[in-house]
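J.: As you go down the protein sequences, you meet chains A and B in turn.
One point on numbering: in UniProt numbering, the residue at position 80 of the first sequence is 80, and numbering is uninterrupted.
One point on numbering: in UniProt numbering, the residue at position 148 of the second sequence is 148, and numbering is uninterrupted.
From chain B, some residues computed to sit far from chain A (all C-beta separations above 12 Å):
1. Pro22
2. Ala24
3. Thr25
4. Ala57
5. Ala58
6. Trp70
7. Leu85
8. Gln88
9. Thr103
10. Lys111
11. Ala116
12. Asp161
Derived pair list, reagent style SDA-like, types lysine to any residue, alpha-carbon separation capped at 25 Å:
13. A/Lys50 <-> B/Arg131
14. A/Lys111 <-> B/Leu213
15. B/Lys64 <-> B/Leu143
Now the stretches of chain A that chain B is said to cover, found in silico as 3 or more residues with beta-carbon under 8 Å:
16. 36-49
17. 122-135
18. 138-146
19. 150-158
20. 165-172
21. 198-212
If you're looking for bench data, these hints aren't it; they were derived computationally from the structure.
In this text the structure is predicted, and so the values were computed from the model without any measurement.
Virtual Cβ for every residue (Gly too), placed ideally from N, Cα, C.
Each chain, letter by letter, is given below.
There are 2 protein chains.
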Amino acid sequence: MVKKPTPDRAGPDRVTSDRATPDATRRSDRSRRAIRDAALALVAEVGYPKTTVEGIAARAGVGKQTIYRWWPSKADVLLEAFLALGEQAARDAGQEPYRIPDTGDLAADLKAVLRATVDELLDPRFEAPARALAAEGLVNEPLGREFVAKLLEPQLQLYVDRLRAAQDAGGVRPDVDPRIALELFVSPLAQRWLQHTGPISHAYTDTLVDYALNGLAPR
Amino acid sequence: MVKKPTPDRAGPDRVTSDRATPDATRRSDRSRRAIRDAALALVAEVGYPKTTVEGIAARAGVGKQTIYRWWPSKADVLLEAFLALGEQAARDAGQEPYRIPDTGDLAADLKAVLRATVDELLDPRFEAPARALAAEGLVNEPLGREFVAKLLEPQLQLYVDRLRAAQDAGGVRPDVDPRIALELFVSPLAQRWLQHTGPISHAYTDTLVDYALNGLAPR
Numbered sequence: 001m002v003k004k005p006t007p008d009r010a011g012p013d014r015v016t017s018d019r020a021t022p023d024a025t026r027r028s029d030r031s032r033r034a035i036r037d038a039a040l041a042l043v044a045e046v047g048y049p050k051t052t053v054e055g056i057a058a059r060a061g062v063g064k065q066t067i068y069r070w071w072p073s074k075a076d077v078l079l080e081a082f083l084a085l086g087e088q089a090a091r092d093a094g095q096e097p098y099r100i101p102d103t104g105d106l107a108a109d110l111k112a113v114l115r116a117t118v119d120e121l122l123d124p125r126f127e128a129p130a131r132a133l134a135a136e137g138l139v140n141e142p143l144g145r146e147f148v149a150k151l152l153e154p155q156l157q158l159y160v161d162r163l164r165a166a167q168d169a170g171g172v173r174p175d176v177d178p179r180i181a182l183e184l185f186v187s188p189l190a191q192r193w194l195q196h197t198g199p200i201s202h203a204y205t206d207t208l209v210d211y212a213l214n215g216l217a218p219r
Numbered sequence: 001m002v003k004k005p006t007p008d009r010a011g012p013d014r015v016t017s018d019r020a021t022p023d024a025t026r027r028s029d030r031s032r033r034a035i036r037d038a039a040l041a042l043v044a045e046v047g048y049p050k051t052t053v054e055g056i057a058a059r060a061g062v063g064k065q066t067i068y069r070w071w072p073s074k075a076d077v078l079l080e081a082f083l084a085l086g087e088q089a090a091r092d093a094g095q096e097p098y099r100i101p102d103t104g105d106l107a108a109d110l111k112a113v114l115r116a117t118v119d120e121l122l123d124p125r126f127e128a129p130a131r132a133l134a135a136e137g138l139v140n141e142p143l144g145r146e147f148v149a150k151l152l153e154p155q156l157q158l159y160v161d162r163l164r165a166a167q168d169a170g171g172v173r174p175d176v177d178p179r180i181a182l183e184l185f186v187s188p189l190a191q192r193w194l195q196h197t198g199p200i201s202h203a204y205t206d207t208l209v210d211y212a213l214n215g216l217a218p219r
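Kindly generate the complete structure, drawing on both the sequences and the hints.
T.: Right, dumping it as structure tokens:
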């Protein structure tokens with residue numbers, strides 16, 4: 001995970017809360033966390049379509065209006081909850097600020113980060129909200145663009161950075177566009193996971209990296 | 001497009017209709033076509049979530065029960081309609097049975113078919129129902145698996161066939177798994193189109209083919 005929490009989502013309310021007493025701020029933070037946790041739990045249990053703002057409010061022990069004060073829709077609650085979940089996981093793993101390691105062995109570094117991504121995609125705590133958000137993003141274009149801008153693209157930029165370093169070190173051809181090149185190993189994994197077009201595993205992503213770096217044609 | 005029409009979706013009713021008089025069969029085929037056309041038109045106009053079986057029936061000039069006699073849900077109507085649309089397009093283009101051309105130049109053949117795919121993905125007649133079905137398939141697992149099995153995987157197998165021919169001709173390394181290799185150029189296009197992670201164009205898919213065949217590392 002890459003992004004800092006996004007207090008701008010909360011708008012003016014958040015500003016008010018920052019100026020409030022420490023106790024009020026703490027209560028407010030606690031409510032926000034309870035709402036995010038409730039949203040993630042509900043989506044995992046009943047799916048995105050049956051998750052409602054009312055249901056999230058009831059489970060979080062807050063009024064519906066408390067949610068609408070901070071977020072315009074359930075999709076926005078879920079997006080923020082999912083971002084916070086990823087940030088927590090990154091902190092737990094001591095990986096903040098996150099970047100792709102540079103050991104000098106590009107293939108090994110890419111394989112390591114893709115293996116970790118496979119593990120995350122197979123973890124039900126991530127899988128349910130990530131799939132729900134991705135699905136909603138296909139038909140709800142503003143949410144989809146926010147999902148991509150806040151969640152997906154910052155992660156893709158980490159690959160751009162690592163590929164640029166490899167170009168400087170001579171491990172990737174200088175004429176290669178890193179933003180397109182990363183898609184050769186990232187997009188296949190994304191499509192298999194999203195559309196169930198095939199199984200995902202460490203062996204699979206290792207193969208993608210080998211093919212992408214060395215090509216399919218004989219050398 | 002690849003697949004023949006799928007009369008098995010209609011089950012016993014279809015068998016009955018095949019045994020009926022030629023006039024009844026013709027009327028039945030006309031109704032099915034009207035229903036498919038109405039489903040495609042509605043999805044394009046109001047989107048998948050607001051498309052209902054009632055709406056499709058009204059637009060097709062049939063009763064709701066006529067639809068339910070042949071299809072269990074609007075998703076199934078739309079899947080069949082979309083398959084039929086692709087078959088019609090393939091017939092119109094004289095490309096039935098469809099396969100990827102083999103001119104002996106693998107890069108040129110892959111670029112040609114991917115350019116045609118870009119054109120199709122940018123055509124609103126295909127785009128609206130394809131996106132609607134893909135989105136529904138992410139959250140509706142049986143439909144998703146049917147979408148992949150009937151629509152996506154048969155198309156991917158055409159790339160497998162072409163890559164196998166290239167292996168026989170020495171243009172692709174013999175140790176490469178064609179079912180994985182094709183994802184290096186197909187999945188990036190699919191993800192950009194589905195999730196709006198970037199623009200799609202002929203230049204973009206040409207680049208994907210070049211990177212996939214020759215790799216990112218210096219030769």
